[in-house]
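Engineer: Produce the entire structure from the sequences given, and follow the hints as far as they go.
Residues per chain, in single letters:
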Amino acid sequence: MNRRFVAGARSGFRIFLPLSIGLIPWALVTGVALTSAGLSVVEAMGMNLLVYAGVAQIATLPLIMAGAPLWLIGLTGLALNLRFLIFSAAIAKGFHGVPLRLRIPSGYLLIDGVFAVCTERMLAVRDWRWRLGYFLGPSLWGWCLWQSFVLTGVLGAGALPQDWSLEFMATIALMVILVPLSKNRPMLVAALSGGVASVLLRGMPLKLGVIVAIVIGIVAGFVASRALPDTRGA
Amino acid sequence: MDGIWLWISFVLVSMATHLPRGSFIVLGQRASLPPAVQGALRYAPAAALAAIVAPSVFVVDGDVQPFNPKLAAAVVVLVVTLRWKNPWLPFIVGMGVLLGLRKGLGF
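Residue numbers (our numbering), protein chains in the order written: chain V, 1 to 234; chain E, 1001 to 1107.
Everything labelled a hint here was simulated from the structure, so no lab data went into it. Be a bit skeptical, because a hint or two may be false.
[Said to hold, decoys possible] Which chain V residues face chain E? A few, computed with CB under 7 Å, are given here:
1. R83
2. F95
3. A116
4. F168
5. V179
6. V199
7. F222
8. V223
Only a predicted model underlies this, so the values are computations on that prediction, with no experimental measurement involved. Where is the CB? At the ideal position from N, CA and C, for every residue including glycine.
Structural biologist: Right, dumping it as structure tokens:
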């Protein structure tokens, strides 16, 4: 394996490792949720391998189990995942020079946490092998961690107390990613605007309010980066 | 829903996930967004995470509840995350506060 690739993978793994611990409770919660909804072990893990997106899995599952029309299931999934279109566009330059056969699995592996910590250097480093390693190292680690702990959750679901509000661990996991991101002012403005808008627009059909709120947050952050004086690293 | 329909819906949600994820990474040089949009996109992760988190802590049964156990736990998680680096602490303390309020005090 290329030396630069390995060096990149090592750096990426190191920067993602602490954050990746946050995936564990979240994966356990997802595994428990899939089983509680009535899926067998094979079905739960099949969905988990095909989709590999906790939020979309947990949110579409009630629709799927209720026999909702396929178009509604597909649109709901798409609405929840449109943020990935934005992430994909934002990190795409980091894959300049990487062959197509490696870009396709990279797309499959793109998750929030890796995007959050790796994008900046993905866009700054020249060597594509280093960049690919820097992305794939933490991404593959995240994938293994996710799959194994969802399986643990699926298998262990029966043993857990049902009334412990364990789903709240998913919210804590998202906060652990969000808080360090919001330390510069435009980011904080983006987060606050997105959060408030999402609460106000929660009544929109098909969870579309989440998408609109994300767009509002992005615009607010962008405007703030132009308007506020102390914009470090903009 | 069972059997083949279940798997068809899984494939559908899979496509709804991986088309957006792969989009620009796979298209590469053939497609790009204008630089102004690229700059604005830096704010996407924070906006998206907040848009997912906020309703789950402020909204209870469809209504905004300024005083609820999840919000109290979220505030504590915020303080813990800002103050300490330990990756387990937010989960332990956050769940502790939530369960303490729900079970201990009956909220």
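Engineer: Hints first: check each against the structure and report whether it holds.
Structural biologist: Each hint, compared with the structure:
1. R83: holds (4 Å)
2. F95: With Cβ-Cβ at 5 Å, under 7 Å, it holds.
3. A116: holds (5 Å)
4. F168: holds (6 Å)
5. V179: holds (4 Å)
6. V199: Nearest chain E Cβ about 5 Å off; hint holds.
7. F222: holds (4 Å)
8. V223: Where the cut-off is 7 Å and the nearest Cβ of chain E is about 9 Å from V/V223, the hint is violated.
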